[in-house]
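Chains as they are written, first to last, in our numbering: chain E, 7 to 119; chain R, 47 to 159.
By construction, these hints were calculated from the structure, which means they are not laboratory data.
One thing to keep in mind: the hints can contain errors.
What the hints assert, rightly or not - Cross-link-like lysine to aspartate or glutamate pairs, in silico, EDC-like; alpha carbons within 20 Å at most:
no., chain 1, residue 1, chain 2, residue 2
1, R, 49, E, 81
2, E, 63, R, 101
3, R, 49, R, 63
Claimed, not checked - The following label-pair restraints were derived from C-beta to C-beta distances:
no., chain 1, residue 1, chain 2, residue 2, range
4, E, 67, R, 144, 23 to 29 Å
5, R, 64, E, 117, 26 to 32 Å
6, R, 124, E, 11, 30 to 36 Å
7, R, 118, E, 59, 37 to 43 Å
8, R, 143, E, 90, 27 to 33 Å
9, R, 88, E, 23, 23 to 29 Å
10, E, 57, R, 60, 31 to 37 Å
11, E, 34, R, 143, 36 to 42 Å
12, R, 49, E, 67, 34 to 40 Å
All C-beta atoms, glycine included, are put in the ideal place defined by N, C-alpha and C.
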Amino acid sequence: KAGVTQTPRYLIKTRGQQVTLSCSPISGHRSVSWYQQTPGQGLQFLFEYFSETQRNKGNFPGRFSGRQFSNSRSEMNVSTLELGDSALYLCASSLGQVNEKLFFGSGTQLSVL
Amino acid sequence: AQKVTQAQTEISVVEKEDVTLDCVYETRDTTYYLFWYKQPPSGELVFLIRRNSFDEQNEISGRYSWNFQKSTSSFNFTITASQVVDSAVYFCALSEYGQNFVFGPGTRLSVLP
């Protein structure tokens, strides 16, 4: 069974640009969550989607948005990139039951220059 | 508010030693879930342990054990007979009922041959 797949693996952008990251969950999983990982702030929750609806949201500015498609694949978008957005962005999937374990992808390493 | 503290920043042990990683959490909820994840250099977080606050149900993967003390809000994690492949960053996480994960800052474990 294939794991969680995130593309691209690495991305370099400049300030002010926008970026879209993609996540394909494990087959059958209906929930997708996104996390940002930085050396200074650690792992922080961005948002969770379940059956195409945002179910939970962290404390990030509106520049960070996401969506989920009918096949459960998810995309995350960051507009007007700032230097501080440089991070490893991790996607996780699950069946969608309450407080179950998450399965993570290898992440997208975003560098903003 | 949820909070997770991992006081040990880095630990080094020699192969075959047992090693315990500490985790202290804060929550006002009576129903919550605790997790341990491992992050190898490849980046993805790998599930190790899940334990709830209200009964003996748990989920565990591999040569691991835990010590859950509700009175001191601690959820320590032990690797028995450590191996070089156990070298990674280990994260403790807390999830209140229906809420997202809050991760601790992580402990970097180095297992030396």
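Structure-based check of all given hints:
For the hint linking residue 49 (chain R) to residue 81 (chain E), the alpha-carbon distance of about 28 Å lies beyond 20 Å, and the restraint is violated. Distance check on the hinted pair: residue 63 (chain E) and residue 101 (chain R) sit about 28 Å apart at the alpha-carbon level, beyond 20 Å; violated. At most 20 Å may separate the alpha-carbon atoms for a hinted pair to count; residue 49 (chain R) and residue 63 (chain R) exceed this at roughly 30 Å. Checked against the hint of 23 to 29 Å, the C-beta distance between residue 67 (chain E) and residue 144 (chain R) comes to roughly 24 Å, which is consistent with it.
Take residue 64 (chain R) and residue 117 (chain E): their Cβ atoms lie about 39 Å apart, and the range 26 to 32 Å is violated. Range check, residue 124 (chain R) to residue 11 (chain E): Cβ separation about 32 Å, and the 30 to 36 Å hint holds. At about 39 Å, the beta-carbon gap between residue 118 (chain R) and residue 59 (chain E) stays in the expected band of 37 to 43 Å. Distance hint check: the CB atoms of residue 143 (chain R) and residue 90 (chain E) are about 32 Å apart, consistent with the given range 27 to 33 Å.
The given range of 23 to 29 Å is respected by residue 88 (chain R) and residue 23 (chain E), whose C-beta atoms sit roughly 27 Å from each other. For the hinted restraint 31 to 37 Å between residue 57 (chain E) and residue 60 (chain R), the CB-CB distance of approximately 49 Å leaves it violated. For the pair residue 34 (chain E) and residue 143 (chain R), the supplied restraint of 36 to 42 Å is violated, since their beta-carbon distance comes to about 24 Å. Separation of residue 49 (chain R) from residue 67 (chain E) is about 22 Å and departs from the stated range, judged on CB atoms against 34 to 40 Å.
Checked against the numbered hints given earlier, this structure breaks hints 1, 2, 3, 5, 10, 11 and 12; the rest are met.
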